[in-house]
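A.B. asks: Okay, here's what each chain looks like letter by letter:
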Amino acid sequence: DTAVSQTPKYLVTQMGNDKSIKCEQNLGHDTMYWYKQDSKKFLKIMFSYNNKELIINETVPNRFSPKSPDKAHLNLHINSLELGDSAVYFCASSYQGGRQPQHFGDGTRLSIL
Amino acid sequence: GQQVMQIPQYQHVQEGEDFTTYCNSSTTLSNIQWYKQRPGGHPVFLIQLVKSGEVKKQKRLTFQFGEAKKNSSLHITATQTTDVGTYFCAAFNNDMRFGAGTRLTVKP
Chain A
1 DTAVSQTPKY
11 LVTQMGNDKS
21 IKCEQNLGHD
31 TMYWYKQDSK
41 KFLKIMFSYN
51 NKELIINETV
61 PNRFSPKSPD
71 KAHLNLHINS
81 LELGDSAVYF
91 CASSYQGGRQ
101 PQHFGDGTRL
111 SIL
Chain B
1001 GQQVMQIPQY
1011 QHVQEGEDFT
1021 TYCNSSTTLS
1031 NIQWYKQRPG
1041 GHPVFLIQLV
1051 KSGEVKKQKR
1061 LTFQFGEAKK
1071 NSSLHITATQ
1081 TTDVGTYFCA
1091 AFNNDMRFGA
1101 GTRLTVKP
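Sequence lines, in order, name chains A and B.
Per the numbering used here, the first sequence starts with residue 1, numbered consecutively.
Per the numbering used here, the second sequence starts with residue 1001, numbered consecutively.
A couple of the hints might just be wrong.
Stated by the list, open to error - Straight-line distance between alpha carbons at most 20 angstroms, and here's what the computed SDA-like set of lysine to any residue pairs gives: (1) Lys1051(B) - Gln100(A); (2) Lys44(A) - Gly1041(B); (3) Lys36(A) - Gln1003(B); (4) Lys44(A) - Glu82(A); (5) Lys1036(B) - Val88(A); (6) Lys40(A) - Arg1097(B); (7) Lys41(A) - Ala1068(B); (8) Lys1056(B) - Arg99(A); (9) Lys71(A) - Arg99(A); (10) Lys41(A) - His1042(B); (11) Lys52(A) - His77(A); (12) Lys44(A) - Lys1051(B); (13) Lys40(A) - Pro1039(B); (14) Lys1036(B) - Ser39(A); (15) Lys52(A) - Val88(A); (16) Lys1057(B) - Gly1041(B); (17) Lys44(A) - Ile56(A); (18) Lys9(A) - Glu24(A); (19) Lys36(A) - Gly1040(B); (20) Lys1056(B) - Gln100(A); (21) Lys1036(B) - Lys52(A); (22) Lys1036(B) - Ala1068(B); (23) Lys36(A) - His1012(B); (24) Lys36(A) - Val1044(B); (25) Lys41(A) - Lys1057(B); (26) Lys41(A) - Arg1060(B); (27) Lys36(A) - Ala1100(B); (28) Lys44(A) - Pro1008(B); (29) Lys36(A) - Lys1036(B).
Please keep in mind that the hints were generated in silico from the structure rather than gathered at the bench.
Bear in mind that the values here come from a model prediction, so they are computed numbers and not experimental data.
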């Protein structure tokens, strides 16, 4: 069974569109994250939720909106996609708000045409 | 948020040579974690260090946490082609921050 699963794996779309990426974890973790990894491999945290509550909200454009319907799910919606949004987006989860190891999903490769 | 500096950014070695990557922080850290990301893959947790001066080993990998809990290192002895990837440190103070990563390539 996949521990942290994100869909879709690949997303190719045009500038200006709106898209969503879904993430689910079956590890029973209480904390979930979204990271953006650019072509230089920098892993930048975007958001973190603990028990459905937002605890980290880094300086990202407000076109990015996370939603956590329950502690096993953290989805990412992106409005008005721009060229600079092209990257790999990783979902991750852990216990105890980051003090414990994080488990990552396989990533969603977003390409903006 | 806290800054975690990781060096070098890239390292290219001949198979059999040793490799070390370093992480440094200006603030005292609660813990530090190390992850490996294979090309095309996702970061995978390797180890967590919590105690001052802690040293842990996993086969050819040696992890150290500094006495002041402000720096850490990952050393690989006699690299193999399977060691190729990007190694990240991740430091926890009030929240978890990843270093920029060290991309290791190994020439057979």
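A.B. asks: Between lysine 44(A) and glycine 1041(B), is the straight-line Cα distance small enough, at 20 angstroms or below?
C.D. replies: Measuring from Cα to Cα gives roughly 16 angstroms; hence the hint holds.
A.B. asks: Would the pair lysine 44(A) and proline 1008(B) pass a check requiring their Cα atoms to be no farther apart than 20 angstroms?
C.D. replies: Holds, at roughly 18 angstroms.
A.B. asks: What's the verdict on lysine 1036(B) and alanine 1068(B), does the C-alpha distance respect the 20 angstroms limit or exceed it?
C.D. replies: violated, 25 angstroms
A.B. asks: Mind checking the alpha carbons of lysine 1036(B) and lysine 52(A) for me, to see if they're no more than 20 angstroms apart?
C.D. replies: The hint is violated at about 28 angstroms.
A.B. asks: Would the hint linking lysine 44(A) and isoleucine 56(A) be met if the CA-CA limit is 20 angstroms?
C.D. replies: Within the cut-off at roughly 12 angstroms; holds.
A.B. asks: Are lysine 36(A) and alanine 1100(B) close enough, with their CA atoms no more than 20 angstroms apart?
C.D. replies: holds, 12 angstroms
A.B. asks: Against the 20 angstroms threshold, does the CA-CA distance of lysine 36(A) and lysine 1036(B) hold or violate the hint?
C.D. replies: Distance ~16 angstroms between lysine 36(A) and lysine 1036(B) Cα, so the pair holds.
A.B. asks: Measure nothing beyond the straight line between the CA atoms of lysine 36(A) and histidine 1012(B); if it is 20 angstroms or shorter, mark the hint as holding.
C.D. replies: violated, 25 angstroms
A.B. asks: Hint check: lysine 1036(B) vs serine 39(A), CA-CA at most 20 angstroms. Holds or violated?
C.D. replies: Roughly 17 angstroms between the alpha carbons, so the hint for lysine 1036(B) and serine 39(A) holds.
A.B. asks: Next pair to validate is lysine 36(A) with glycine 1040(B); report whether the Cα-Cα distance is within 20 angstroms.
C.D. replies: With Cα atoms ~14 angstroms apart, lysine 36(A) and glycine 1040(B) stay inside 20 angstroms; holds.
A.B. asks: Please verify whether lysine 1036(B) and valine 88(A) have alpha carbons no more than 20 angstroms apart.
C.D. replies: holds, 16 angstroms
A.B. asks: Given the hinted pair lysine 40(A) and proline 1039(B), is their alpha-carbon gap at most 20 angstroms?
C.D. replies: Answer holds: lysine 40(A) to proline 1039(B) is near 12 angstroms, not above 20 angstroms.
Figure legend: structure checked against the earlier numbered hints; hints not met, in rising order: 7, 12, 15, 16, 21, 22, 23, 25 and 26.
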